[in-house]
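Visitor: The chain contents come next:
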Amino acid sequence: MRALSILLAGIAALAAMPVSAQTIAITGGRVVIGDGSEPIDGGTVLLRDGRVVAAGAGVAVPAGATVVDARGKWVTPGVVAGFSRIGLVEVDAVDPTNDTRATTSPFNAAIDVAPAVNPEATAIAVSRAAGVTRAVVSPATGRSIFAGQGAVIDLGGDMTPITRARVFQYIEMGEDGAGDAGGSRASAHVLLRNALREARDIARVGVTRPDDVLLTRADALALIPVLQGTQLLLVHVERASDILQILALRGEFPNLRIVLVGATEGWRVAPQIRTAQVPVIANALVDLPASFEQLSATQSNLGRMRAAGINVSIGMINDDEARQVRLSTQYAGNLVAIARVPGHTGLTWSQAFAAISSGPAEAVGMGGEIGSLRPGRRGDVVIWDGDPLELATGVEAVWIDGVRQSLENRQTRLRDRYRQPQEGALPHAYDPR
Amino acid sequence: MASARHYGIAAATAAAALLFGCANQAGTEGATPSAAASRSAPARYVPPADPYPSTYHPYPGVPTAITGATLYDGEGGRIENGTVVMVDGRILAVGGADTAIPEGATRIDGRGLWVTPGVIDVHSHLGDYPSPGVEAHSDGNEATGPVRPEVWAEHSVWPQDPGFSRALANGGITTLQVLPGSANLFGGRGVTLRNVPGRTMQSMRFPGAPRGLKMACGENPKRVYGGRNQTPQTRMGNVALMRATWQRAVEYRERRAREPNTARDFALDTLVEVLEGRMLVHNHCYRADEMAIMLDMGREFGFRIASFHHAVEAYKISDLLRTSGTCAAMWADWWGFKMEAYDAINENIPLVHNGGACAIVHSDDANGIQRLNQEAAKALADGRRMGINITDEVAWRWLAINPATALGIADQTGSLRAGKRADVVLWNGNPLSVYTRPRQVWIDGALMYDMNDPRRRQVSDFELGQPGEGDVK
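Line order of the protein sequences matches chains A and B.
Residue 12 is where the first sequence starts when you use the working numbering, and the numbers rise one by one after that.
Residue 60 is where the second sequence starts when you use the working numbering, and the numbers rise one by one after that.
In case anyone wonders, no lab produced these hints; they're calculated from the structure.
The C-beta atom is built at its ideal place from N, Cα and C for all residues, glycine as well.
Check each hint, because a few of them may be wrong.
As the list claims (entries may be wrong) - Cross-link-like lysine to aspartate or glutamate pairs, in silico, DMTMM-like; alpha carbons within 20 angstroms at most:
| # | chain 1 | residue 1 | chain 2 | residue 2 |
| --- | --- | --- | --- | --- |
| 1 | B | K397 | A | D103 |
| 2 | B | K397 | A | D330 |
| 3 | B | K397 | A | D106 |
Said to hold, decoys possible - FRET-style restraints, in silico, Cβ to Cβ:
| # | chain 1 | residue 1 | chain 2 | residue 2 | range |
| --- | --- | --- | --- | --- | --- |
| 4 | A | V105 | B | E194 | 20 to 28 angstroms |
| 5 | B | E194 | A | D442 | 47 to 55 angstroms |
| 6 | A | A318 | B | R381 | 47 to 55 angstroms |
| 7 | A | E49 | B | T450 | 31 to 39 angstroms |
| 8 | A | N109 | B | R363 | 34 to 42 angstroms |
| 9 | A | A259 | B | R514 | 33 to 41 angstroms |
| 10 | B | M445 | A | R415 | 20 to 28 angstroms |
| 11 | A | G405 | B | E313 | 52 to 60 angstroms |
| 12 | B | A351 | A | G405 | 31 to 39 angstroms |
| 13 | B | R514 | A | G405 | 38 to 46 angstroms |
| 14 | B | P513 | A | P221 | 57 to 65 angstroms |
| 15 | B | N448 | A | N109 | 35 to 43 angstroms |
| 16 | A | T114 | B | E194 | 16 to 24 angstroms |
| 17 | B | Q292 | A | A229 | 36 to 44 angstroms |
To be verified - Among chain B residues calculated to face chain A with C-beta under 8 angstroms, some are:
| # | residue |
| --- | --- |
| 18 | D378 |
| 19 | L410 |
| 20 | T495 |
| 21 | V531 |
All chains, please: the whole structure from these sequences, using the hints.
Guide: Structure below.
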């Protein structure tokens with residue numbers, strides 16, 4: 012089963028390769044590399060065979076390249092949605108279209124979102140039109156603390172959305188985890204430890220599996236790469252004390268590669284997170300004590316953690332994450348805004364943009380592939396008609412893997428149909444264009 | 060997440076309004092029983108016209124003049140290098156650099172800054188679905204029956220909701236309407252509040268503001284009750300039960316006129332107030348076709364809908380909204396969370412405006428209320444990209460005079476106009492930019508927020524002694 016799915020993923024990866032061997036030069040724009048460095052005016056972005064060859068000032072345009080004039084525009088890597096469930100949902104409240112969680116499944120950790128991602132979900136085209144080109148896609152928990160394995164996808168207009176499957180295992184360890192575990196955080200911790208021990212047992216070649224197991228064989232097998240550190244463990248916790256408990260897990264399971272998700276109270280234990288060298292994917296603008304695990308919520312959370320030296324990224328945790336990843340730019344802009352409010356710690360513009368590009372890419376171990384315009388990265392490029400974090404800015408062009416993308420979607424079609432609400436000689440339905 | 064989507068399960072007890080004994084204290088007109096009533100004939104109970112009356116009073120302010128700022132007056136006007144003067148809680152003057160400033164007034168140099176009227180949200184559940192959002196706080200839907208016009212959102216308002224302070228500091232919100240949720244066809248009465256901290260709801264109530272009636276179309280009522288195998292189970296069931304209820308109200312009103320001793324029915328009293336034009340209808344309704352049916356229902360029974368809320372398909376019927384004089388209160392870009400939100404488009408607000416109807420930006424959300432200016436900015440830009448050229452200052456109507464009109468308080472607030480309440484936001488930049496935040500906010504001329512003054516940061520009772528107390532939020 013595992014071997015087969017790896018094989019299938021391999022085929023998908025091949026199919027995702029750009030078909031065109033085109034060279035594209037986007038010239039004259041304000042170029043943002045996405046790695047936290049300052050924007051470069053009058054820069055060039057050179058793409059070849061679906062990858063970034065070079066970006067910045069003084070990049071020569073080779074003969075035969077397709078030249079795109081971006082003077083007066085901003086040119087950036089595509090936005091990476093740091094935490095989402097995009098592609099798993101068409102309409103949230105219409106259950107048959109919602110593949111985020113499996114509440115009565117016999118499986119948990121073994122669940123792999125990759126086959127459920129629908130590249131034709133409306134949210135993919137809507138988000139692409141707003142400059143989002145890649146997304147971290149996570150399952151949600153059903154009746155276990157283990158949600159299953161998430162993927163990194165592209166938002167291209169084709170049938171091969173998976174950039175990399177099974178990038179991480181996602182678990183709930185805060186209030187939601189306590190609920191999933193039968194009612195307490197303490198139970199969630201026992202369940203987690205027990206599951207990792209079962210993974211260790213089942214990984215021993217030639218040793219018969221004990222009888223007193225809780226996990227199905229598939230779930231136990233799925234946790235082996237987590238235990239061994241070849242697959243990331245994304246852990247959703249919010250409360251400061253919960254964060255510390257998660258960091259402490261590595262004393263027991265030293266190979267765990269943890270990424271904190273949520274971490275609303277992360278700023279209060281920032282030195283410990285920094286010491287553990289654990290990245291954080293957090294909601295940008297949570298500032299209400301929406302639950303008792305978020306009492307000290309502040310929009311300065313990311314800024315304070317960044318100031319402490321933590322790799323912080325913006326994600327949308329339980330925040331319209333299946334449909335509204337396009338708000339990432341607005342959220343990032345707000346973190347720049349608060350830097351001008353006394354008492355707040357915000358981000359610089361370049362840090363904020365990195366929090367929605369290279370930051371999440373690096374957090375999930377894919378900084379070498381996506382999230383910036385450094386040489387060798389996938390050719391995900393957006394041309395904006397202004398500052399991409401500003402509210403009035405629009406997207407003019409999007410490339411994914413070097414392939415120019417359509418910016419049309421259901422919403423733009425409805426807009427065009429209803430420019431005039433009054434119907435003409437025939438009703439609107441007769442005039443699709 | 061918004062209660063519009065998660066209509067919630069109300070744990071609240073019914074608001075059993077016990078009026079006896081309150082009449083004298085209420086001190087309102089018609090509330091004085093005869094002192095000479097004999098023992099054998101007890102004084103006839105005369106209900107107060109305005110029970111649970113507002114005890115709000117403006118907080119002290121000092122005469123203040125902001126000079127040199129860019130002013131959006133909230134009605135579509137703009138003044139560069141403008142001056143606004145606040146005295147005794149009211150706007151004394153609005154004008155250019157030559158505007159007279161009273162001697163001794165505190166002067167604020169507004170060069171490079173923007174001044175707008177305070178932002179008004181017509182659709183909030185702050186206090187009714189407060190933070191923390193625990194079950195014990197779920198007080199927004201009396202989902203024990205689809206017809207509950209007898210409940211009043213104000214009786215659920217928890218003044219200690221930390222959300223009020225975030226709306227003030229980050230969103231410049233000075234006035235908001237708190238509505239019941241949308242589980243019911245008739246959700247109950249809404250209340251308009253001044254966004255000031257108080258020990259009681261009454262101390263926040265906007266004096267003289269009419270109450271609203273919350274109605275809801277569509278998926279929520281039919282899901283809540285249909286799921287229990289009760290009526291309504293369908294949209295036609297929604298309409299049938301609404302019509303039957305309005306008919307009861309019409310008959311009750313006539314019977315009360317004929318027979319004053321007719322037993323009071325608090326549910327129908329609410330509807331009679333609507334029929335008599337003393338209460339405004341605010342109707343949760345997403346789809347264009349359903350809004351058209353509701354407009355007809357208003358004509359059938361003689362009530363007017365002040366505003367449709369959410370109205371994600373308002374752009375399909377801006378002509379009908381214009382004709383009926385009904386506002387649409389909308390999000391900039393929420394979509395797809397349920398079927399009736401599937402046809403949302405980013406240009407909804409500018410298309411409604413461009414169609415000549417009254418457009419409002421609303422939140423329905425404890426987070427969204429902190430960024431209504433940003434929502435307006437996104438919608439404005441999307442409109443311009445499709446060729447609808449609305450100026451910044453005209454777009455500000457969506458946050459100011461239009462919601463004030465829908466709430467029936469446009470004579471009191473909603474614009475920078477001499478004589479109105481001095482509800483004013485001084486922004487640290489262009490308020491349609493993502494990089495801008497309120498610098499200072501005045502409510503009735505009292506400085507309620509100042510980003511440079513930690514002592515002007517509100518801390519609700521709930522937050523005292525908790526991690527993060529007194530922090531920037």
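Visitor: So which of the earlier hints does this model not fit?
Guide: As far as the earlier hints go, not one is violated by this structure.
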